[in-house]
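Visitor: Chain by chain, the residues run as shown.
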Amino acid sequence: MSDMLGVVIGTQHYFVVGALLFTIGSTGLLLRRNTIVMFMCVELMLNAVNLTFVAFAKDLDDAAGQAAVFFTLIVAAAEVAVGLAIIVAIFRRRQGVTADDVDLMKG
Amino acid sequence: MNPVLFFVFAIIAVSGALGVVVARNPVHSALFLVMTMVTMAGFFLGLDAPLVAIVQIVVYASAIVVLFLFVIMLLGSDRGEPAFSSEHTFQRPVAILVGVASFVALLVLTLGHWQTGAHTAGGFPINAVPTVGGKTVSGAPATDAIRPLARVLFTRFAWPFEVTAVLLVVAVVGAVVLARRSQRPRRTETTA
Numbered sequence: 000m001s002d003m004l005g006v007v008i009g010t011q012h013y014f015v016v017g018a019l020l021f022t023i024g025s026t027g028l029l030l031r032r033n034t035i036v037m038f039m040c041v042e043l044m045l046n047a048v049n050l051t052f053v054a055f056a057k058d059l060d061d062a063a064g065q066a067a068v069f070f071t072l073i074v075a076a077a078e079v080a081v082g083l084a085i086i087v088a089i090f091r092r093r094q095g096v097t098a099d100d101v102d103l104m105k106g
Numbered sequence: 000m001n002p003v004l005f006f007v008f009a010i011i012a013v014s015g016a017l018g019v020v021v022a023r024n025p026v027h028s029a030l031f032l033v034m035t036m037v038t039m040a041g042f043f044l045g046l047d048a049p050l051v052a053i054v055q056i057v058v059y060a061s062a063i064v065v066l067f068l069f070v071i072m073l074l075g076s077d078r079g080e081p082a083f084s085s086e087h088t089f090q091r092p093v094a095i096l097v098g099v100a101s102f103v104a105l106l107v108l109t110l111g112h113w114q115t116g117a118h119t120a121g122g123f124p125i126n127a128v129p130t131v132g133g134k135t136v137s138g139a140p141a142t143d144a145i146r147p148l149a150r151v152l153f154t155r156f157a158w159p160f161e162v163t164a165v166l167l168v169v170a171v172v173g174a175v176v177l178a179r180r181s182q183r184p185r186r187t188e189t190t191a
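Heads up: the sequence lines are chains A and B, in that order. Per numbering that gives the first Met the number 0, numbering of the first sequence is gapless, rising by one per residue and ending at 106. Per numbering that gives the first Met the number 0, numbering of the second sequence is gapless, rising by one per residue and ending at 191.
One chain only, chain B, in its complex shape (with noise of 0.2 Å):
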C-alpha cells in the first residue's frame, strides 16, 4: 500500500475512533463509527481483500450503523444525558491508565521479535495463480482475490460456516423476543 495513503488513512480511521469516544451526542458518535468503518475499508483493499472491504461497508458501515442510529432516534437517547460518569470520578483516570497500559503492551508485542507458526502445506494462498484442472488459465488474472475466500469458506469452514446460520437465527429471534412488547399484562413488579 502506497505510504502516504497509508498514513491518511490511519490519521482519518484513529480521529475517527477518538471521535467515537468523545463525541458527547451518540448520533456523532455513530457517524464517526462510519467514517472509521470505511476507512477500514480501504485498509482491506490495500491488503488484497477486495471482498471483505465491500462486505466491510455493507454490513458495518450500512446495516449495523443504521440499526444504531435507528435505536438511537428511537430511545430519543441523544440528548439531555451526561456522556461520561458523574457518580464514578475516579473512572476517567483509571480507565485512561489502563488504555496506555494495553496499547503500551500491544505494541512491545507488535514491535518486538513475533514468529507465526509454521506454514502449513495446505493452505488457500490469496495470489494463487488460477488453475482449471491442474492447468494454468492462460489469459486470466493472475490475483483472483474472491476465489480462495470462497474455497476455504466452503472446504476447511464449512461447517462453522453452516454454524452461523443457526446463530444468526439465534439472534433474530432473541432480538424479536426482547424487543417486542408484549400484548399480556405485565404482572406487577415488587419494588425493593
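Looking at chain A on its own, in the form it has when it is part of the complex (with noise of 0.2 Å):
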C-alpha cells in the first residue's frame, strides 16, 4: 500500500509542500489589496513554516519542533487579534478595509 505510486513519501515532500504554500501566501499578500486577505495570507506563511517545523520533528525524531508550532500558533492568534481590532479601528474611521485606503503617512 505503502509503495503504490513508486514513490516514499519522505521529509523533502512536506517541504516542497511548505515551499508552495509559503510562496502563494506572500505571492497573495504582495497582490491583495484587502487587508483581511492579506491577513489570511500571513496565517498561510505561518502554517506552511508549522508544516516544515512539524517535518523537521519527524525528520530528527525530536518533539521540539512540535512545540515550536505551539508557540507559532500563539504567536498567531495573538496577531490575528490585535490585527482584526486594527481593521475594525481603521473601519470606524474611514469606512474601507483596502490597504490602498491607509496613506495618511504618504509623501
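Keep in mind that the hints were calculated from the coordinates and are not lab data. On a predicted model such as this, the values are computed, not experimentally measured, just so you know. For every residue, glycine included, the Cβ atom is placed at its ideal position computed from N, Cα and C. Where hints are given, some of them may not hold.
Stated by the list, open to error - Stretch by stretch, here's where chain B covers chain A in the computed footprint (C-beta under 8 Å, at least three residues):
1) 55-66
2) 69-82
Unchecked claim - Between beta-carbon pairs, the in silico distance windows are:
3) B:V162 - A:I85: 39 to 47 Å
4) B:V165 - A:M104: 46 to 54 Å
5) A:D102 - B:W158: 36 to 44 Å
6) B:T88 - A:G9: 37 to 45 Å
7) A:V15 - B:G116: 18 to 26 Å
8) A:V101 - B:L73: 16 to 24 Å
9) B:I145 - A:D102: 22 to 30 Å
10) A:I85 - B:W113: 36 to 44 Å
Put the complex together from the two separate chains, hints included.
Guide: Take a look at the structure:
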C-alpha cells in the first residue's frame, strides 16, 4: 500500500508543499489589497512554516519541533486578535479596509 | 504517510491556498483557508503529531477563521471592493515575479544538498518507548505522541511557555483597547 505510486514520502516532499504554500501566501500578500485577505495570506505563510517544523520534528525525531509549532500558533492567534482590532479601528474612521485607503503617511 | 493520501492532501492544500488568494469574496477566502488548515492537520497526523493536528483544527480552523468571518460580517467588506489593486498596475506582475523567484529559491534549497546540525543527546524523541523509573513499561503502546511534547514544553521551553501567557494577555488587552468605541467625545480631527 505504501509504495502504490512507487515513491516513498520523505521529509523533502513536505518541504516542497510547505514552500509552495509559503510562496502562494507571500504572493497573495503582495497581490491582494483587502487587508483581511492579506491577513489570511499571512496565516497561510505561518502554516507553511508549521508544516516544515513538524516535518523536521519527525525527521530528527525530536518533539522540540512540535513545541515550536505551539509557539507559532500562539503568536498567530495574538497577531490575528490585534490585527483585526486594528482593521476594525481603521474601518470606523474611514469606511474602507483596502490597503490603498490607509495612506495618511504617504509623502 | 501513504503516497496517494499525501498527494491528495497536497493538491487540496495547494488549491485551498490558491483559493484564498484568488477568491473575490473574503468569505470565500476564509472558507478556502479552512480547507487548507484541515488538510494541514491531516499532514500533521501523518507526521506523528496528533496533538498538533487537533490543536490546528481547534485553534486555526475554528477560532481564528471564525474571528475572520466575524470581522468580515461586522465590517460588511464582502461586497463592492476590488479584489486586486487598480491603482498600481505594475503591482501584479512584480508580485508574481517575486513569488515565482522565491519559490524557485526555496525549491533549490529544499531539493539541493542540505544537512541539519548534529543531534544533541538531550533531545526529546517522539517515538521513544515509554519508561517509568528507567524501566520499560510492558504493554504500553510504543508510540506515545503527546508525552514527549508535554515534556519538552514544560522543561526546555518552560520559560518561553510562560512568556506566551504574558503575550496573550497583552494581545487581549490591546485588542479590547483598539476595538472599543471610546465613550469620550472624540477630539476634532485636523484635516491636512
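Visitor: The structure should be examined with respect to each hint, and the outcome stated for every one.
Guide: Results of checking the hints against the structure:
no.: 1; hint: 55-66; result: holds (count 11)
no.: 2; hint: 69-82; result: holds (count 12)
no.: 3; hint: B:V162 - A:I85: 39 to 47 Å; result: violated (23 Å)
no.: 4; hint: B:V165 - A:M104: 46 to 54 Å; result: violated (30 Å)
no.: 5; hint: A:D102 - B:W158: 36 to 44 Å; result: holds (42 Å)
no.: 6; hint: B:T88 - A:G9: 37 to 45 Å; result: holds (43 Å)
no.: 7; hint: A:V15 - B:G116: 18 to 26 Å; result: holds (22 Å)
no.: 8; hint: A:V101 - B:L73: 16 to 24 Å; result: holds (18 Å)
no.: 9; hint: B:I145 - A:D102: 22 to 30 Å; result: violated (49 Å)
no.: 10; hint: A:I85 - B:W113: 36 to 44 Å; result: holds (38 Å)
Consistency note: the structure conflicts with the earlier hints numbered 3, 4, 9.
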